[in-house]
Structure formats: C-alpha cells, structure tokens
Amino acid sequence: MKLKHLIAGMLGAAMLSTTAMAQEERGRDGNVNVIYWQAASILNPYLSGGTKDIDASSMVIEPLARYDENGNMVPVLAAEIPTAGNGGVSEDLTSITWKLKEGVTWSDGTAFTAADVVFTAEYCMNPDGGCQQLSKFGDVESVEAVDDLTVKITFSVPKPFPYGPFVGSTTPVIQAAQFAECTGEAAPTCTEQNFGPIGTGPFVVTEFRANDAISLEANSNFREAGKPAFATLTFKGGGDAASAARSVLETGEFDYAWNLQIAPEILADMEAKGIGTVVSGFGPLVERLMVNQTDPDPALGDGRSTVANPHPFLSDLNVRKALSLAIDRPLLVEIGYGKAGNVTCNVLPSPAIYNSPNNAGCEVQDIAGANALLDEAGWVRGADGVREKDGVRLSILYQTSTNAVRQDFQALIKQWWAEIGVETELKNIDAAVFFGGDQSSPDTFQKFFADIEMYANTFDGTDPEAYMGNWACSEIPSPDNAWLGGNMPRFCDPAYDALLAEMAGTADINERARLAIAMNDMLMQNYIMIPLVHRGNVSARANTLEGVKLNVWDSQLWNVADWSRAN
Amino acid sequence: MLNYTLRRLMFTIPTLLLISFIIFLILDLAPNDPTGNLPLTIPPEVREKIRQSLGLDAPMYIRYLLWSQQFFINEPLNLLNQWFGWCIGDCEGRLRVSSWATRSPVVDLIAERMPQTLWVVGMSYVVGILIAVPIGVISAYKQYSWFDQIGTFIAMIGFSVPTFFTGVLLIVIFSVWVPNDSFFWLPSIYDTTLEVVDWDSFMLQVRQMIMPVMVLGLFNAAQISRFMRASMLDNLSQDYVRTARAKGLKEKTVLLVHVLRNSMIPVVTVIALGIPQIFGGAIITEQIFKVNGLGQLLIIGIQGADIPLVQTLTFLFAVLIVLFNLIADVLYGLLDPRIRYE
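Chains as they are written, first to last, in this note's numbering: chain A, 11 to 577; chain B, 4 to 345.
Derived by calculation from the structure, the hints in this document are not laboratory data.
Predicted, not measured: the structure shown is a model, and the values here were computed from it.
Take the hints with a grain of salt, since some may be wrong.
[Said to hold, decoys possible] 27 Å max Cα-Cα, derived DSS-like pairs, lysine-lysine:
(1) A:Lys457 x A:Lys437
(2) A:Lys237 x A:Lys111
(3) A:Lys62 x B:Lys52
(4) B:Lys52 x A:Lys457
(5) A:Lys559 x A:Lys283
(6) A:Lys349 x A:Lys424
[Claimed, not checked] Below, a sample of chain B positions facing chain A; criterion: calculated Cβ distance under 7 Å:
(7) Ile45
(8) Lys52
(9) Thr105
(10) Asn183
(11) Ser185
(12) Gly277
Ideal Cβ positions, reconstructed from N, Cα and C, are used throughout, including at glycine.
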C-alpha cells in the first residue's frame with residue numbers, strides 16, 4: 011500500500027514538473043461525494059422552494075449573477091453587474107439592463123442567448139405554472155431581449171434594488187429549447203426536463219433518482235478551462251443530520267455534508283477524529299420570539315388575534331421589556347447551537363452594514379431589573395407568585411414547532427419567566443402544520459392563537475427591504491386576507507410604514523442601511539420581537555477536499571467548479 | 004378450492020375500494036400542508052398559487068374521483084403501453100398519479116425503488132428464515148438445553164432491541180472503529196447508483212448489503228424462530244411421533260420428515276403474511292443506511308404532505324396485505340389436507 015502511494019506520488023511529481031498543463035485538466039480528480047440529508051426531489055427551482063433542490067440544481071443551471079461567500083454580487087452568465095454607475099440601471103430605477111457573457115454555451119453545445127433569459131422569465135411568470143419563485147419577479151413588467159447578448163428588465167415601480175430576477179441560485183436561466191413545451195399548466199408534467207435540465211453550469215446530470223441520489227459528470231462544454239476538477243459528482247440524500255456528519259467526519263465515505271444541525275458537543279466529538287472539518291457561516295437567520303400585540307382569547311371567536319382586540323397585558327411595553335430582560339441568551343446559544351450560534355440583540359444582524367449598534371446589552375440577563383420594572387409598572391405578585399394587575403394575570407401561552415432545541419429553549423425560558431412572576435404554558439406543533447397554511451388548522455404560525463411564538467426567519471440574498479416589509483401594517487394576517495401576511499406580532503406603526511416607503515425610493519446603499527437600522531431599532535426597542543440567537547449554517551468537509559467556501563447568501567454548492575482534491 | 008379462491012377474489016374488490024376511500028379521507032383530514040416545509044421566504048400569496056396548481060382548491064370528492072380515475076384506469080393502461088406497447092386511448096397526454104414534491108409519476112418512483120427494497124428487505128427476510136428454522140427446530144428438540152437458552156436469549160434481543168439501535172451500533176463498529184482500508188470495514192451508506200457489472204461491483208454490493216440485511220435479518224429471525232419452536236413443541240408430543248419411533252424409524256427421519264413437515268404448516272402461514280412487509284420496506288433501517296427504498300419514499304411523502312404519493316403507496320400496501328392473506332389461507336388448505344374450503 012505504502013509503496014503504491016510512493017509510486018503514485020513520484021509519478022504525480024514527475025508529471026507536475028514536466029507538464030504543468032496536465033495538472034489543470036478538467037475532471038483530473040475523479041469522483042466527489044456530497045451528502046444532503048434531505049434528498050433532492052427535483053432539479054427545477056421554479057417548481058420547488060426547497061433548499062436541497064435549489065442547491066442541487068445550482069451545479070447544473072446558473073443565474074446571471076450570484077452572491078459570493080461575503081454577500082457580494084458576482085457575475086456568472088452576465089459580463090458585469092449592472093449599476094446606476096455603469097448605466098445598467100436606469101436613472102428612474104425602473105429598468106435594469108444585463109449584458110451577457112460572450113461565447114457561453116449550454117451543455118448540449120448550443121449557444122446561450124438573451125432569448126433563454128426572456129423565456130425563463132415568461133416560464134416563471136406564467137400564472138398557471140405554480141412557479142415557486144414568483145416573488146423574485148415581483149413588479150416585473152416586461153423582460154425583453156434587446157439583442158442576443160442584452161436583456162432589459164422593466165419594472166412597474168421604481169426598484170432601488172433591482173436584483174431580484176436572475177440573481178442567486180433560486181432563479182437560474184433554463185434552456186428555452188428544452189422547456190418550450192413545458193410552460194403554464196404543462197410545467198409539472200415535464201418530468202424528464204425537471205429531472206435533467208440542460209444547463210450552463212459545471213456539471214451535467216447523468217442519472218436522477220428522485221428523493222434519493224443524483225449522478226453528475228463534468229460538463230465538457232463548461233466555459234472555464236480546466237474546471238471542474240472532478241470528473242463525476244454523486245449527490246446522495248436521505249437519513250438524518252447526525253449520520254451525514256458521521257459519513258464525512260468519522261467514516262470518510264463522503265466529502266461534503268450539508269446543514270448539520272446537531273448537538274454541538276456531538277459534532278465536536280466527531281471532528282476530533284481528524285479526517286474532516288466543520289465549517290460555519292452566518293447569514294441573517296435569527297431565532298426570535300414573536301410577541302402577540304392582539305388578544306388570542308378563544309372567547310373572542312372570529313375576533314381572536316386580530317387588531318380589533320389589543321392584548322390584555324402584552325400591549326404594555328414594560329411587560330414585553332421584562333420578558334426580554336429575563337432571558338440568558340449566551341446560555342441559550344451554548345445549549346442549542348454552540349459554534350453555530352451567536353447572541354444577537356437585533357432581528358437584522360447581517361449583512362454587517364445593516365447590523366444596528368444601538369441595542370447592545372441584551373446579552374446580560376437581568377432578573378432583578380425585570381422584577382423591578384414589573385413592580386414599578388404596578389404588576390403585583392398574587393398568592394401563587396404570578397403577577398397581576400386589575401384582574402389580569404401574566405399568564406402566557408408560548409408555542410413553537412416540534413424540534414428538540416426549541417423545546418429546550420421553551421423549558422429554560424419558562425423557568426426564567428417564572429422567576430419574574432410570569433406563568434407560562436408551553437405548546438409545540440408539528441412543523442408541517444405550524445408553518446403550513448392550512449386554513450382549517452388553528453395551529454398555524456400565521457393565526458398565532460397564542461401569546462408568544464418562537465421560530466427563525468431569514469431572507470434570500472443580501473437586501474433586507476422585503477424582509478423589513480414583513481412588519482408593515484398591511485402585512486397583518488387576519489380572517490379578511492385568509493391569514494396571509496408576515497406580520498405575526500400584528501405590529502402597526504405609521505412611522506415604521508413611512509420608513510419603509512422611504513426605503514422603497516432610496517437607491518444609495520448607505521442611506522438604505524440607515525433606514526433598515528432605524529426600522530430594526532423601532533422593532534427592538536418596542537420589544538415587538540425578542541431576538542434570541544443569530545443562527546449560522548454548519549456543514550462539514552473532508553480534509554482532502556479543497557476550495558470549499560461556505561456561502562450563506564446563495565447555494566452552498568455555488569463554487570463547486572472550484573472544488574478540488576488535495577494532493 | 005377454485006370456487007373459494009374466486010369468491011374471495013371477488014370480495015377483495017369492494018374491500019379495496021373502501022380501503023382506498025378511507026385512506027384518502029384520513030389523509031385529507033390530517034392537518035398538513037404541502038407548502039408547509041417550504042422556506043419562509045416564499046410569500047403567502049405564492050403559496051396559495053402553489054396550492055391551487057396542485058388542485059387543492061377542488062372539493063374532496065372530486066379529488067378522490069380524480070385519483071381513482073388516474074390510479075385504476077390510467078395507470079394500468081399506461082403499464083400495458085410500457086410493457087406490451089399496446090396503446091389504448093390517448094397514450095401521450097394521459098394524466099397519471101403524480102407526486103407533488105417531484106412532479107413525476109408515482110408509479111415510476113415506486114418502480115425505481117423496488118429493486119433496492121426487494122434486495123435488502125427481501126434478502127433480510129430470506130436470511131431471517133434460514134437462521135430461524137434450524138434454531139427453532141433444535142431449540143424445540145433439545146428444550147431447555149444450553150442451545151435453547153442461548154437461542155431464546157438471542158431471539159429476545161432481536162425482538163426487543165430496536166433496529167435504530169442495532170443499526171447505529173453496527174455502523175459505529177464496522178464503519179467508524181474499523182479502519183477504512185481494513186477488509187472488515189463496511190460502508191455505512193448504501194449506494195443506490197451502484198450497478199453490478201462485474202465481480203468487483205458485485206462484492207461492493209454484497210458489502211453494502213451486509214449491515215442492513217443483518218440488522219433486519221436478526222429481527223425477522225427472532226420472530227420466526229419463536230413460532231417455529233412453539234410449533235415443533237406442539238407436534239413433538241403428539242401420538243404420531245411416538246408411533247413413528249415405535250415403528251423403528253431413525254430419529255432423523257422422525258424429526259425432519261414427520262415433525263418438521265407438520266410443524267411448518269402454521270409457520271408457512273406466518274411467513275406468507277409477513278411478505279407484504281417486505282414491500283412496505285423497513286422505514287427505520289432504510290433511513291439509517293440510506294437504502295432509500297419504499298419505506299424511505301413513504302416517510303418523505305408523509306413529511307412533505309405529498310398526498311398522491313402517500314395515498315398510492317399505502318393503497319398498494321393494502322392490496323398486498325389483502326392478497327397475501329388470501330394466499331396464506333389457500334396455502335393452509337393446500338398444506339393441510341384436513342382443511343378444505345367449500
């Protein structure tokens with residue numbers, strides 16, 4: 011065995027010295043194994059919102075531009091990023107013109123043109139197609155091909171951040187020739203196309219086994235010479251996060267494992283074996299408590315959790331503030347997330363430019379302070395230790411989805427709140443029901459028939475405008491809008507809506523950051539949401555796999571073309 | 004006998020129709036939503052459109068009739084077309100039962116997963132029987148001997164220790180502790196894309212099957228060996244055994260010809276009734292070793308609220324259970340001349 015290695019090493023060294031070119035050959039490093047414990051179901055992101063599907067397809071089909079590991083936009087199929095500076099974005103902010111790279115071909119050898127981009131937009135915007143990335147095409151009026159290498163996207167309203175369509179792996183360009191018969195109602199019936207899209211990316215699908223495994227091989231028509239380094243790639247799905255971590259960190263069968271949300275100490279034990287490395291990165295994902303501003307009392311019938319009925323005690327700022335003060339955030343991070351979490355006092359902690367400096371201090375638990383605050387506000391402890399005022403008891407129903415870490419958090423927080431005289435009843439609901447939109451279920455997070463609910467939320471890309479828009483008055487879920495909308499706390503402040511409107515008309519990045527911080531501060535200082543943990547993404551790579559840059563702003567496989575095997 | 008079988012077959016049709024309706028009803032009443040697992044960044048209006056595109060806005064009975072038409076008429080016609088090339092009606096545009104998650108025909112998904120499920124779960128059943136029958140026979144013949152005690156102990160372990168424990172234990176021993184380059188190292192992840200073309204790939208296939216087959220095999224063997232032992236004990240004390248011995252037959256003949264044959268009658272029934280479970284896959288074991296067979300397909304469907312997939316799979320399991328019940332009954336009659344159905 012050792013002799014074999016020695017000979018191979020000598021041969022390799024000899025080849026290195028004689029022909030430097032051989033080293034740069036496409037497919038030189040054989041096979042690479044990637045495991046996603048959620049298996050990919052389909053390779054068309056327009057028909058699936060699942061991260062696993064989007065990431066898998068990002069190796070095959072590509073957008074015009076994407077985000078790098080620092081959240082900066084980099085051109086992929088576009089020649090450059092259009093900005094107001096280079097004339098790519100019109101002065102009135104209603105159109106953006108993309109110049110495409112010259113000489114790009116699809117994996118079948120045909121030329122990639124502006125017509126493909128236009129087709130993709132029509133494909134997604136078709137009202138019968140059930141396109142899952144439709145929100146990326148919000149306010150798009152038209153997408154037209156100016157010439158073969160120029161695409162102009164026109165919006166119906168000024169878009170200070172016009173990088174929705176075709177930026178990031180959620181909206182890649184699909185081939186018009188392949189999908190021509192698959193628009194509208196026919197979209198879901200095109201199994202062959204959805205399982206094996208022809209793309210411009212570094213890999214080509216050779217076999218797709220739905221919800222199981224994908225075999226891919228290097229795209230011989232890929233535009234960058236010598237890439238990808240791997241001749242074949244196996245994308246395996248199934249199992250659970252712990253066994254995926256084990257396959258990279260302990261058994262060495264796989265080279266890359268995605269999203270390893272397991273107990274921090276178990277992951278550290280596995281890493282100690284020394285054949286793989288845990289990598290983490292922080293996007294804008296924040297685990298938070300939503301504080302219901304409306305009364306969820308079942309006795310109210312249809313008026314339950316609607317703005318007509320303000321909450322009996324959570325509408326008191328002092329109570330909300332006391333609930334936040336009583337929480338020991340560093341302990342939550344340590345117990346639940348380890349390396350994969352940080353304490354945050356903001357609901358918008360990332361990208362760095364949007365992180366508010368004005369709310370520091372929440373990392374210190376202050377039970378005494380919380381008690382003093384409630385005493386001062388007139389909430390007096392009753393015989394059973396629960397505070398009350400004017401016959402209103404501080405008794406909270408606290409709900410979240412079923413998940414081991416969340417139930418730990420619930421138990422801890424219940425205990426801390428008991429110390430400040432607040433009684434808590436805990437409830438957990440299956441994730442598919444809690445996050446599902448079933449109108450007949452009373453347990454959805456939109457209906458929010460509880461006083462406090464906990465979950466994590468984030469946004470795609472790097473621009474927080476749409477995300478901050480969740481807390482506008484118009485976004486409050488109610489029976490009138492079939493409980494649709496993202497404003498779970500039912501927060502409504504004209505001053506907040508004014509800031510949002512201002513942001514919608516502002517293109518300057520620093521000015522946008524100022525507005526986003528002001529909105530974040532308004533939500534934080536009113537304790538409408540109580541942020542707990544800034545959660546990161548955790549993955550693992552084999553030590554022999556080089557070139558992995560964990561990207562939280564885009565697909566984790568965004569730079570798979572640059573991956574290679576260490577010698 | 005033929006009459007009886009035909010009558011039973013006729014009776015299965017309304018039974019299965021009723022079962023399919025009940026499954027549909029249960030799935031419909033379950034508070035689940037196919038868009039529930041999508042990222043929160045997808046806004047509610049888009050979710051609503053997705054639900055509409057899946058046909059969820061139609062009333063329940065329409066959706067049931069649609070599924071029935073697709074499953075009972077379109078799918079068989081499609082099979083005829085694929086297997087024999089017979090084309091009846093509109094062969095291209097025919098609507099088939101499609102999964103919501105993969106947007107592909109459910110029957111194709113099932114066909115794709117059948118091989119690994121039959122190989123792994125089926126093999127474990129065969130291994131289980133091969134282990135169980137001799138253990139059961141010897142345990143009964145030498146009741147309360149050390150062999151019987153050990154056999155009982157192992158059966159107890161196989162029966163009571165869950166596969167998610169034995170599976171992970173084997174992985175920790177054979178994939179983690181044993182070094183990668185050792186002969187005894189076994190893969191913890193089943194490679195479904197592996198094609199057996201030569202001796203080397205055949206050995207790879209054998210290696211990756213060892214752990215899941217053993218884990219399931221132990222469980223199956225535990226069950227069947229207890230049945231075998233009990234049945235043997237019943238027969239060993241019968242008069243015909245004493246008669247056989249009195250006639251001067253060799254002990255081997257008494258045991259293996261007279262007693263074993265009679266003891267097999269109830270065991271064969273138990274084995275036949277267990278066969279549908281093979282097709283049902285082994286949800287937990289398949290998850291642990293990532294065999295990704297029918298069991299894993301079902302669990303993914305349930306998690307993602309992929310109703311057409313879950314409906315079709317559970318219904319197929321129901322068909323198999325009804326059929327194998329019938330087969331077990333008929334086998335019983337064939338093996339035991341005392342039982343006659345009229």
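Hint check:
About 15 Å separates the Cα atoms of Lys457 (chain A) and Lys437 (chain A), which keeps this hinted pair within 27 Å; it holds. Between Lys237 (chain A) and Lys111 (chain A) the alpha-carbon distance is near 17 Å, which keeps this suggested pair within the 27 Å criterion. A distance of roughly 22 Å separates the Cα atoms of Lys62 (chain A) and Lys52 (chain B); the hinted pair therefore holds under the 27 Å criterion. A threshold of 27 Å between alpha carbons decides the hint, and for Lys52 (chain B) with Lys457 (chain A) the separation of about 19 Å falls inside it, so the pair holds.
At most 27 Å may separate the alpha-carbon atoms for a hinted pair to count; Lys559 (chain A) and Lys283 (chain A) meet this at roughly 22 Å. Proposed proximity of Lys349 (chain A) and Lys424 (chain A) is supported: the alpha carbons are some 25 Å apart, at most 27 Å. Look at Ile45 (chain B): its Cβ gets to within about 5 Å of chain A, closer than 7 Å, so that hint holds up. Hint on Lys52 (chain B) holds. Least Cβ distance to chain A is approximately 6 Å, under the 7 Å limit.
The beta carbon of Thr105 (chain B) comes within 4 Å of a beta carbon in chain A, closer than 7 Å, and the hint placing it at the interface holds. With a least beta-carbon distance of about 6 Å to chain A, the hint placing Asn183 (chain B) at the interface is held under the 7 Å criterion. The beta carbon of Ser185 (chain B) comes no nearer than 12 Å to any beta carbon in chain A, farther than 7 Å, and the hint placing it at the interface is violated. Interface restraint check for Gly277 (chain B): the shortest CB-CB distance to chain A comes to about 25 Å, outside 7 Å, so the restraint is violated.
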